[in-house]
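Following the hints, position chain R against chain A.
Residues per chain, in single letters:
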Amino acid sequence: MYGLRFHTAVFAAKMTKKLLTLTGRKGTTLPGQIALRICPDLLAVYGKILGQRTVFITGTNGKTTTSNLLVHFLREDGRNVISNSLGANLIQGIASTLVEGVDLADYHDQAVVLEVDEATIGNVIAHLQPKAVVVTNFFRDQMDRYGELDTVVEMVGSALKKAPNNTTVILNADDPLVTSIAPEGKQVVYYGIESSQFDATSHSEVRDGKFCRKCGSNLQYSLYHYGQLGFYDCPSCEFTRPTPAVVAEDVKLLQEGIQFNVGSVTGFINSPALYNVYNALSAITASTVFGVQDEVLVREMGYMKTQLGRMERMTAANGRNLMLTLVKNPTGFNEVLKVVEHETRPVELVIILNDRYADGTDVSWIWDTNIERLHQLADLRRIYCSGTRAEDFAIRLRYADLGNITELVEGDIASVEQALRDLPDGHMLYILSTYTSLYNIRDHLLNQGGKEYAPENRASVS
Amino acid sequence: MHLKIAHLYPDLLDLYSDRGNVIILQKRVEWRGLRATVDEITVGHEPDLSEYDILVLGGGMDREQGIVAEDLQKRRENLQQAVEKGTVILAICGGYQLLGNYFETAGGQRIPGIGLLDIETVGAKVRMVGNVVAEMEIEGVKTNIIGYENHSGKTYLGKNVQPMMKVIKGYGNSGEDKFEGVRQGSVFGTYLHGPLLAKNPTLADYLITLALRRKDLSVRLDQLEDGLEARTQQKLYKRLVESR
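Sequence order for the protein chains is A and R. Quick note: the first sequence, position 140, residue 140 per UniProt numbering, numbers continuous. Quick note: the second sequence, position 119, residue 119 per UniProt numbering, numbers continuous.
Pulled out of the complex, with its shape left as it was, chain A reads as follows (with noise of 0.2 Å):
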């Protein structure tokens, strides 16, 4: 027993959530609310039956794909595991996934792998207690909600502080702000990449962190991977990239997706963009932290899956080919476009804008995008531009001299249907979507008959 408010609480919500998901909605926040608001205390409760085995994933880009390839692994391993998958990673969507995932009749084998907010983990840390927290990046996103770049580093770093002393710290080694905020007397384990076909001695692309965290000094560079991350050193004081305990190396971009070695085994990821390769390390050292067996991480790692709408290839009802993949900030976007860069085949692009709340309420980040580079690309046919803000991506184009290929589409999933309808056999439609249309989207072309891409064998798995 855990007391009557407790017992009550998870009564309540359990019931608003079978009354939500009666009249159809999918109840991912209200039944989480109401338990809080009966039991304040509902979290530390959860934080001891589950006596440290969760897990927390934060940081600005990959926290939903790193926890879903964390969960796979886990249930590989044959553990039981609760995820808030759809990314509900508020307090509210956080209480809702514990009241309904955890059973507390027999929770002893249960692990939990949750996605929580960059503003949220601060209050949840200290109650929760998670055995390990991975902090994947920061990049500037959604500065309508959390203002400075500086502010969302520095609300993370507090609350690892707050983490028990026994909490595992995972943090990429590559970020000088994420290995900025390592908290002192934890064990902190690092990973990172090593060598990568895409790696620069220099770029032009935006990049968040410049400077020292420590000393204000402009951070020097003997590699970069993309945006800020990479290989730097800090002329003036100590603080310099971390020697990395799990390492990718010889990353490799193939028709079907990207590949890489750590050790002695081959990774391969079903989606050909780097940032994953990031994703799939931290999920593989959370991995180890909890004791995934060998055999099962590697057998796993020779083909990985990433999740719906993030660089996912799909067929069209009509047997075309297309990607679909979520654009939020302009890093994640320009890591996109280097994708797009290596097409061979003719490329027609739907580019969807919205700026609800989910999505960010501020548009601007599209001028620091490198939109310029399909230039680049031999045979780029025509970009379609959609969504709340539309004709904020046209005035881009206009600006990147693309404006004779651009056309305006009224409604998301009206602008899909017009390109694949207008695309030629044989040519490549890449999709790149804000949050609050990315689902409807990918739901549209399943229920038309589309088909998520399933490769004929499993190529390249050593």
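Some clues are possibly wrong.
If you want a taste of the chain R side facing chain A, the calculated C-beta under 7 Å gives, among others [what the hints assert, rightly or not]:
hint, residue
1, Ser17
2, Pro47
3, Val129
4, Asn150
In short, the hints are calculated from the structure, not lab data. We put the beta carbon where it would ideally sit given N, CA and C, even for glycine.
Quick look at chain R alone, frame taken from chain A:
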């Protein structure tokens, strides 16, 4: 004719994609068959700023703004000289605040500006965030301006400056007086991102015209096809103002 643009502190004041303003100014000059070049100037570079026709400053984070505030002090006289020679200055958000008399943080610490604009800014706890619709008189014609603000500093005007725009929707300088931005001669300061010039081509052309007048008083720009921007303005005006 050749328009010389300087983008000041592109590495430090780069938070809200204000570099778009530089792209827009350059393209709109080039599309008229004129030449436009952009120099990036930051800490450690010491060119004569009065050689430039337009100077552009964006917004940045507190830490970076501190570095710029210090460096700008060294350029105070040079900037004064530039303004006397008619150089147009467009300063956004953090850059705008730093051209004023001072910025007082919420904690009461006073960071001196360079006094190029007669304004004072005081840090507040609540951020003013969201879309802005405003009205600006450009060469006698009332023109709608649409942008996006995200600031916690409240800016108050001294007696030597005029507000640049009147707020129709949004907070503006302080959220108290319906003013947005300031104009003092050829110096323009505003909180509006978007970037500012993206949806406001009339303002972009006005700044270009003012800058070109340094060389040729009779300069007139050819009209460009800005139908897309006009439609975008109408759509947003309807959504942000009329359907409130």
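Hint check results:
no.: 1; hint: Ser17; in the structure: 4 Å, holds
no.: 2; hint: Pro47; in the structure: 20 Å, violated
no.: 3; hint: Val129; in the structure: 5 Å, holds
no.: 4; hint: Asn150; in the structure: 6 Å, holds
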